[in-house]
Amino acid sequence: MGGMGGMGGLMAQAQKMQQKLAKVQEELKAMEFTGEAASGAVKATITGGHECRRIEIDPKVVDPEDIEMLEDLIVLAINNAEAVCREKSEAAMRQAVPLPPGMKLPF
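With this note's numbering applied, the sequence shown covers 1 to 107.
Quick caveat, the hints were computed from the structure, so don't treat them as lab data. Remember, it's a predicted structure, so these values are computed and weren't measured experimentally. Some clues are possibly wrong.
Unchecked claim - The calculated DSS-like cross-link candidates involving lysine-lysine, where the alpha carbons are at most 30 Å apart (straight line), are: (1) Lys29 with Lys16; (2) Lys20 with Lys88; (3) Lys88 with Lys29.
Please build the complete structure, drawing on both the sequences and the hints.
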């Protein structure tokens with residue numbers, strides 16, 4: 001019967017870990033991440049909650065004859081911001097809850 005205490009301890013630890021992760025996720029939602037395309041000529045800023053906050057476009061990349069290129073640059077900048085967000089989020093999660101090497105977080 002002595003094994004039950006260990007199980008309860010594990011459950012409490014898991015709950016603590018989940019609370020820690022939830023807190024980190026809340027903090028990340030409020031943070032902003034910026035991605036860019038064309039060496040910073042187009043910048044996109046998103047939140048950790050994947051909400052686009054801002055798009056900045058350097059006038060020199062605005063070519064009325066080639067709107068398609070500008071659209072592509074905006075998409076690239078947003079995707080880059082998403083990648084930055086994902087990378088920083090994973091790093092923050094790993095810092096909050098250290099996992100054994102090779103173990104992935106469930107998200």
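How the hints compare with the structure:
Simply put, Lys29 and Lys16 have alpha-carbon atoms about 20 Å apart, close enough for the 30 Å limit, and the pair holds. Taken as a hint, the Lys20 and Lys88 pair is honoured in the structure, with Cα atoms around 16 Å apart against an allowance of 30 Å. A hinted pair counts as satisfied when its Cα atoms are at most 30 Å apart, and Lys88 with Lys29 qualifies at roughly 12 Å.
Violated hints are absent here; each numbered hint is respected by the structure.
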